[in-house]
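Okay, here's what each chain looks like letter by letter:
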Amino acid sequence: KAGVTQTPRYLIKTRGQQVTLSCSPISGHRSVSWYQQTPGQGLQFLFEYFSETQRNKGNFPGRFSGRQFSNSRSEMNVSTLELGDSALYLCASSPRTGWDTEAFFGQGTRLTVV
Amino acid sequence: ELKVEQNPLFLSMQEGKNYTIYCNYSTTSDRLYWYRQDPGKSLESLFVLLSNGAVKQEGRLMASLDTKARLSTLHITAAVHDLSATYFCAVDSGGGADGLTFGKGTHLIIQP
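In the order they appear, the protein sequences are chains V and L.
Residue 137 in this note's numbering sits at position 100 of the first sequence, and the numbers go up by one each step.
Residue 78 in this note's numbering sits at position 26 of the second sequence, and the numbers go up by one each step.
Hints are computed from structural coordinates only; laboratory data are not their basis.
Treat the hints with caution; some may be incorrect.
27 Å max Cα-Cα, derived DSS-like pairs, lysine-lysine [claimed, not checked]: (1) L:Lys156 x L:Lys69; (2) L:Lys108 x V:Lys94; (3) L:Lys108 x L:Lys55; (4) V:Lys94 x L:Lys156; (5) L:Lys55 x L:Lys156; (6) V:Lys50 x L:Lys93; (7) L:Lys120 x L:Lys156; (8) V:Lys94 x L:Lys93; (9) L:Lys108 x L:Lys120; (10) V:Lys50 x V:Lys94; (11) L:Lys108 x L:Lys156; (12) L:Lys93 x L:Lys69.
Isolated chain L, as found in the complex (with noise of 0.2 Å):
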């Protein structure tokens, strides 16, 4: 069974700093996603990993993907608090079949 981790779960963090999100995967995946969900509503893709060594960036967010090591990892950059919602990493291991499991979540609060 595919278990998807993230730490931490929660994080508070003041504007300016930076940080990064970690999130590990039990078994063999070349599919890694991460969104973003504000309260209330629903899930926003950020980023889509579909090998090892891959990065990509968007503004502050760098999503980087060890498929070697089952481990990708979400960095912020002098955090806005525009940034604070929670963010989920997915593993597709199935090719689609199986869905997306999703780790827990990490809830992200940046303060001014």
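So here's chain V without its partners, still in its complex pose (with noise of 0.2 Å):
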């Protein structure tokens, strides 16, 4: 059964410039959320999609954007990039279905704004 896929792996880009990652869950699974992981604030939400739907956004700005195809597939879009959104980024895939709600991580992309 494959894994949670993340692509690219590695990006550097520039300040002002957006950037897309995608993510493929696990097959079956229809909820995909993306997490951030900085040294100085940890793992921190960004939103879920399922089916399809943004369930919920964490506390952050508008640049932060996302959205989910009909085979589940998420990309995730950050534009006007900053310096300080260089982090990795953490797609995480689950089932949702009652009281299958484990999550399970891609290997991440690891974005450098300079």
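Two chains, each in its own frame: build the complex with the hints.
Set out below in structure tokens:
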């Protein structure tokens, strides 16, 4: 069974640019969540998508957005990049059915903004 | 706002010793997760605890949940070097819609 796949694994972008990250969840999982991990703030919830609908969003500015496609694949977009956006971005896949809520994480995309 | 506190944040111990990592959270929840992260790697799911009194064990690791005390523990028995990693607890209080709230992590170093 394939795991959660995130692409690309590494990115270097310049301030002011925008970036799109991709996440393919485990087959059959309808929920995809995104998290930002930094040394200072730790792991922070960005947003969750379930069946193409954003269920909730964490405390991040509107520059951070996402979407989910009908095949459950998800993309996250960050516009007008700032130096502080440098982080490891992790995607988590979950069935989210009843009590089956275990989240499985991808390898992450390490974004460096220069 | 849900807060999750782990302690200790840093732990250096010798092989063969036992130790416990504590995870306290501030609001009602009956879903708690433990993850392991190796340097430069992603999060590996260790345990899912879904009810009060839940106890799960895998090898030298055992996790428990007390929802009344809002406390989970991760106990390490007879530690070995391979268990060196950062361990995170995470709480799901919103049925998934609010995402997971993570503790700051416990950086565990096990020395021979």
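Verification of the supplied hints:
no.	hint	verdict
1	L:Lys156 x L:Lys69	holds, 23 Å
2	L:Lys108 x V:Lys94	violated, 31 Å
3	L:Lys108 x L:Lys55	holds, 23 Å
4	V:Lys94 x L:Lys156	holds, 20 Å
5	L:Lys55 x L:Lys156	holds, 10 Å
6	V:Lys50 x L:Lys93	holds, 21 Å
7	L:Lys120 x L:Lys156	holds, 22 Å
8	V:Lys94 x L:Lys93	holds, 25 Å
9	L:Lys108 x L:Lys120	holds, 18 Å
10	V:Lys50 x V:Lys94	holds, 24 Å
11	L:Lys108 x L:Lys156	holds, 22 Å
12	L:Lys93 x L:Lys69	holds, 26 Å
In the structure shown, a violation is registered for the earlier hint numbered 2 alone.
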